[in-house]
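Full structure from sequences and hints, please.
Read off the chains here:
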Amino acid sequence: MNRRFGVGRVRRAFLFSLSLVVWGTAATVAPAATVLEKRLGVDIQAPDRILETTVLRVRLDDVGDVEAWSQYAVSLDENRELQAVNGTVVSPTGKRKSVGRKQQDKVEYSGGSTTYGSMHYHTMDFPGLEVGSTLEIDVVVMVAPYLPADQMVLWSDDDVQHLEVTVRSALPGFRWRLEGPTDGLVERSEPGMVHLTGRQLAAFDPEPLAAGGAASYPTLRWAWGEAESWSDVAAWYRDLLSSLPRDDAAIKALATELTAGQETPRQQLEALVAYTRQKVRYVAVEVGIGGFLPSSPVETLGRKWGDCKDKSLLLIDLLRARGIEAYPALARLDERARVEAEFPSAAQFNHLIVAVPQDAVEVSDEDPLSEGFLFIDPTQTKGSARYLHTAVQDQHALVVLQQGGRLVPTPRRPQYESIYLAFNMQVDAEGHAKGRGGLLLRGSSATAFLYEMENAPPERVGESALGIFENLLPSARFSKIGWEAVDDEVPSVRIALEVEVDNLLAGRRSSPSLQLVSLQSMPSPRKLEGIDTTLRHGIHQIRTVWTLEMPPEVCLPAADEKTEENSLGMFRQTLRQTGNHTLQVDRFGEMRQNFVDFEDFEDFKALALAEHRSQRRRIRLKCVQQSADG
Amino acid sequence: MKYRNLIPFLCCLFFTTVAVNAVDFPPITDTERALTELPGQPGAPAVVLFEKAEVKLRDYPKEASSFLKVWVRVKILTEEGKSSYGEEEINHSGYWRLKKVEGRTVLPDGQVIALPEDAIFEERRSRSLKRFVTKVVFPAVEVGAILDYYYEIRWDDLAFLEPWVFHNRVPTLLSEITYIKPNNMGLVPWGVQAGSQRMQSASDKSTLGASIRVWIEDLPAVPDEDFSWPFSDLASRFMMVPKSVNVSGTSIPLMDSWRSTCELYADDYKDFQRKTRESQKKAVELTQGLADRQAKIAAVHAFVRDEIQTLASFSVSVSEEERADKVLKDRQGTQVEKALLLQSMLEGIKVDADILWVADRTDGLIDLKVANPHWFDSLLLRIDDAGGHIYLDPNDRSSGYNHLPPYYEGTAALVFDKKKPQEVTLPKSSHEDNASRGKVDLVVDTDGRLSGAGELVLTGQDAWRFLRWKDTPEETVEAWQERLESKYEGFEVSEVKVTEDLVSQQLDLSWQLLQREDEVLGDEVTVSPAVPLGPITQLFSLPPELRKTPVLLLFPSSEDLTTTVRWPEGWVVDLLPESSEHSGPVGSIKWQVEVDEAARQATLQRHFERTEREFVGSDTYSALRTLYAEGAKKDAVSLVLVSE
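The listed protein sequences correspond, in order, to chains A and B.
Per my numbering, the very first residue in the first sequence carries number 10; after that it's consecutive.
Per my numbering, the very first residue in the second sequence carries number 26; after that it's consecutive.
I should point out that these hints are in silico values taken from the structure, not numbers from a laboratory.
Hints are supplied without guarantee of correctness; some may be wrong.
Said to hold, decoys possible - Okay, the calculated beta carbon distance ranges per label pair: (1) A/A258 - B/E142: 17 to 27 Å; (2) A/G109 - B/I53: 47 to 57 Å; (3) B/I53 - A/G50: 54 to 64 Å; (4) A/Q209 - B/E345: 46 to 56 Å; (5) B/T497 - A/S107: 27 to 37 Å; (6) A/E574 - B/E457: 51 to 61 Å; (7) B/E345 - A/E46: 37 to 47 Å; (8) B/E142 - A/S252: 18 to 28 Å.
Note that the Cβ used here is the ideal one computed from N, Cα and C, for glycine as well.
Here it is in structure tokens:
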């Protein structure tokens with residue numbers, strides 16, 4: 010419930026899982042208990058006063074439940090004050106025992122991306138738990154909200170026998186929206202109030218490929234006050250930023266120094282982006298409102314560290330100091346869930362990036378452009394402004410303009426996230442193949458490899474590189490492995506080696522065949538069964554090309570091309586003969602968006618099936634020329 | 026006389042770094058300023074220029090506390106070094122009190138930027154236990170910057186039982202520790218040198234007492250390799266264990282021997298077991314109707330293991346306030362408390378059990394030559410039985426009667442006894458004990474569709490990996506179904522049956538297979554006969570000449586799988602794996618393939634064994650790597666059938 014814009018880098022969508030704790034789930038996951046009663050209340054009494062209540066009764070059905078529910082945690086912060094907390098264990102024989110003071114604790118822990126934060130937990134340890142015990146938990150928290158909005162994911166991996174959720178507001182402009190799978194939930198509302206009830210709700214057990222958030226779980230969003238449009242939300246953030254000192258001489262001087270000799274606005278932008286990305290290291294310290302409000306750019310500059318907000322605001326001021334207009338853009342860094350465009354609310358964001366109007370600098374179609382803006386994430390450390398990592402692609406970002414604001418879909422650039430595997434080999438009459446293999450990584454896989462190149466001894470890097478090939482071709486022998494960073498605006502790495510494979514061409518002499526492995530672009534069709542919700546499968550391009558010079562006695566198959574293409578992406582397999590009795594098998598898969606909505610599911614399956622089928626059947630070389638048979 | 030208040034019943038020290046003096050940072054030398062890379066260690070993100078620690082042990086009873094002063098200087102060498110070393114964490118507690126933290130960043134141009142107070146953050150990990158982490162975020166860190174920091178910890182015990190670790194994950198030019206001991210205390214030095222850099226020492230006397238300084242120079246980074254020994258086994262370490270203290274002319278033994286060390290703990294253990302009436306009553310109740318001694322022991326063991334929740338603890342000490350009956354009542358206790366409770370309960374059914382202090386192998390090797398209780402992190406029970414021993418782990422839910430978890434196998438342990446403690450080595454299992462044995466029968470029908478059935482029996486540690494994998498039988502079946510489906514790509518897996526037997530440490534599994542309709546090609550069938558135990562993948566890609574550290578795996582194991590495939594008339598074998606064998610000093614992989622053309626049946630038998638769990642030295646590593654390479658190669662071959 011305590012959303013912050015400090016979840017800076019790709020792996021940093023951590024706070025969201027923690028925030029769920031507030032809403033009646035134990036800090037550790039409870040696998041199979043039965044929630045007999047779960048009543049959650051949010052009473053918005055004044056702009057700075059919300060009363061949150063949680064009432065839980067949970068029956069522990071097995072040993073795992075005892076462990077999972079042995080501790081219950083309430084999430085608190087500078088603006089979330091614990092008013093009351095009670096815990097009681099009712100033994101199977103009906104004996105009641107309250108949680109005493111000694112079993113309660115205050116725990117501060119900043120995990121994941123946050124170096125230090127004010128969020129903390131009040132924990133209760135339940136003594137004497139045994140299978141058949143029932144826990145009774147009552148929690149009251151007083152909140153002084155930072156945002157006039159919030160949301161609740163009604164997630165539970167326990168069966169819930171009785172659920173009640175009430176959100177009421179004494180303030181004008183109250184609005185709400187229920188999204189996601191709402192089977193079994195009954196909603197009732199009146200002005201200033203929404204009430205949900207559910208009975209005999211089964212535990213949620215989403216498929217591994219399913220997207221998160223509202224795609225998989227019932228999600229209740231609400232807001233109050235005047236911020237009824239995205240423009241209003243932008244105004245709220247603009248007001249928040251207005252408290253910060255800006256327009257500092259030190260910033261201007263630095264911008265001038267960094268762009269010396271850079272003539273065009275684009276060159277200047279690249280220099281300033283590189284500085285912000287590489288010279289200001291990512292460190293997140295989020296205390297109270299500091300979860301939303303950046304440090305002043307001059308402060309960030311002085312210490313040369315900051316989180317996404319700090320780095321973005323610094324970049325904006327550096328750009329503006331050179332006359333390049335730039336805006337903060339509230340974004341959602343989330344590999345699994347999306348911003349709901351129909352419900353304007355700042356509570357939906359967890360990240361801040363930068364939007365530069367595309368007419369402010371020279372741009373090309375290759376740039377991460379969308380609706381007139383060039384999007385830049387200063388928390389990335391590799392690549393130029395041309396590269397926007399996929400975790401913020403295919404989302405929505407709210408560009409906070411000087412006046413108003415615009416919710417803009419972020420760009421999709423599959424070509425930034427690509428892997429290209431190639432083998433060039435000669436096959437002898439015995440079916441053994443010898444030649445070279447290569448891998449070109451671009452985007453996040455290249456970034457990870459570059460980190461390893463920079464920080465690990467060469468033998469360790471070589472081990473990683475070799476491991477990729479050894480897992481692809483376990484029966485092959487490899488030698489002379491080498492790797493290098495490729496000078497490109499998108500992080501890129503090239504790996505090359507020599508390969509020998511026994512029996513690549515195998516089978517009966519009358520009909521030898523090839524089994525050529527490929528990198529997988531799509532999930533196995535089997536894994537798509539039973540999914541009836543939005544799923545997440547990242548934007549990318551993957552290509553595998555085998556170029557095989559075959560022995561003369563072997564006939565090559567006829568040229569062939571199979572293509573499956575739709576709005577989501579494509580898969581294509583091409584068999585062709587090139588010069589010198591050479592067979593080339595080229596498999597290319599592309600996914601053009603991060604999320605697949607249910608209505609596009611058949612298209613997604615078609616792509617997955619096309620790829621799967623192409624790899625299952627061996628490539629048969631139907632004849633062996635007479636001369637070879639003697 | 027009770028001496029237990031003199032000694033450290035310590036919560037663990039979690040120092041990420043440790044090392045000496047105080048106040049002003051020494052001037053930066055020209056050599057330090059000029060350093061950009063270390064010869065032979067390219068790509069190191071940072072270098073520890075020095076880390077020094079000074080430990081002043083309490084002069085009891087004149088002084089109130091001991092102290093540790095640590096002084097570290099790090100130089101950032103790469104961009105990655107900025108984020109990896111630009112922040113530091115210091116663990117402390119109400120007991121290990123952090124008294125001072127200072128730091129600074131010195132930029133390449135010599136500019137000094139002090140660590141501001143608002144860049145030091147104290148995180149209270151537990152208010153009730155008074156545990157803290159102080160985080161330091163250095164300002165203006167850039168490549169070439171030098172980071173200095175200093176901190177000071179005080180505590181009230183007489184000892185400092187954590188070994189000083191000289192090595193780091195980055196190169197270290199100088200690492201040293203100085204112990205200043207009061208004149209009334211006797212100390213036993215202990216050290217282990219990893220690598221060729223010599224541990225040096227010098228003694229001195231000062232007004233504070235006698236001191237010994239121990240240091241090593243030019244230490245390389247400890248390699249971070251897959252399946253490596255724990256860090257501590259690869260690092261040079263040193264400590265001084267308190268042997269005795271002289272109070273008012275009386276020499277009080279501390280950790281002079283295992284006997285005196287046990288004595289320090291005996292009173293607390295005794296106090297814990299003072300209230301055991303309810304515990305023993307419960308033991309009697311649990312074993313009512315059971316005639317067999319083994320069944321009785323197993324029942325009590327299972328109760329403590331499963332019904333008493335395990336709370337984290339990091340030492341062999343027990344709180345003075347805890348009692349066995351209270352742990353029983355609360356249904357929760359630390360590993361130590363659970364072991365003592367189990368001992369008390371067994372006593373209630375007239376079974377004598379010894380307490381064993383044990384150490385997890387994955388946390389590093391221990392050396393019982395010094396009587397340091399900190400070597401150990403948990404307790405087991407040992408019962409004499411017909412000339413042999415029965416072992417009980419009251420904390421590991423997957424370990425049944427007389428089963429040791431693999432991380433304790435073969436480790437040094439101590440039979441706790443204040444009069445006659447005994448150093449022992451815990452037994453270890455062989456690859457034959459830890460086995461997966463199975464068979465899979467597949468049939469191709471006239472449409473080219475595969476169907477069949479499989480079964481597996483897991484024993485020993487192979488079973489341990491999966492026993493109690495899930496909390497309920499339904500969840501267990503579901504998990505196995507998912508696991509099998511991931512192995513049998515293209516098949517529907519059904520009728521999964523799982524039988525777990527914790528007492529005999531065995532798991533039986535069976536399933537049915539049917540190729541998915543859309544996977545049927547009609548004229549071609551491919552079977553991977555290594556599934557579900559294989560195919561093996563190469564885990565050791567690093568060539569032997571580059572591997573620097575020994576390999577530690579959890580346990581040795583063996584696998585046997587027989588796959589039978591039958592096909593209808595009109596189908597022929599297109600591709601067949603060959604019978605082959607690779608046998609080496611650390612294991613073997615063997616495939617035996619037979620085809621009966623008349624019966625249209627192929628039988629493929631696969632045997633894989635890895636006979637050791639630790640692999641030290643280049644030759645042994647090479648043999649292990651070859652075993653996996655051969656295994657991967659042989660397992661990769663499929664049986665292909667085609668219709669004519």
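Query raised in the report: Taking the CB of B/T497 and the CB of A/S107, does the distance hold inside 27 to 37 Å?
Result: At roughly 29 Å between Cβ atoms, A/S107 and B/T497 fall inside 27 to 37 Å, so the hint holds.
Query raised in the report: Do B/E345 and A/E46 keep their Cβ atoms within the hinted range of 37 to 47 Å?
Result: Holds, at about 40 Å.
Query raised in the report: Are B/I53 and A/G50 spaced within 54 to 64 Å by their CB atoms?
Result: 60 Å, holds
Report task. Determine whether the Cβ-Cβ distance between A/Q209 and B/E345 falls within the hinted range of 46 to 56 Å. Result -> 49 Å, holds
Query raised in the report: Do the beta carbons of B/E142 and A/S252 sit within 18 to 28 Å of each other?
Result: With Cβ atoms ~23 Å apart, the hint holds.
Query raised in the report: Does the Cβ-Cβ separation between A/G109 and B/I53 fall within 47 to 57 Å?
Result: At 54 Å between Cβs, range holds.
Query raised in the report: Lying within 17 to 27 Å: is that true of the beta-carbon distance A/A258 to B/E142?
Result: With a Cβ separation near 26 Å, A/A258 and B/E142 satisfy 17 to 27 Å, so the hint holds.
Requested in this report: Could you say whether the range 51 to 61 Å given as a hint is met by the Cβ separation of A/E574 and B/E457?
Outcome: 55 Å, holds
Hint check: no violations occur; every hint is consistent with the structure.
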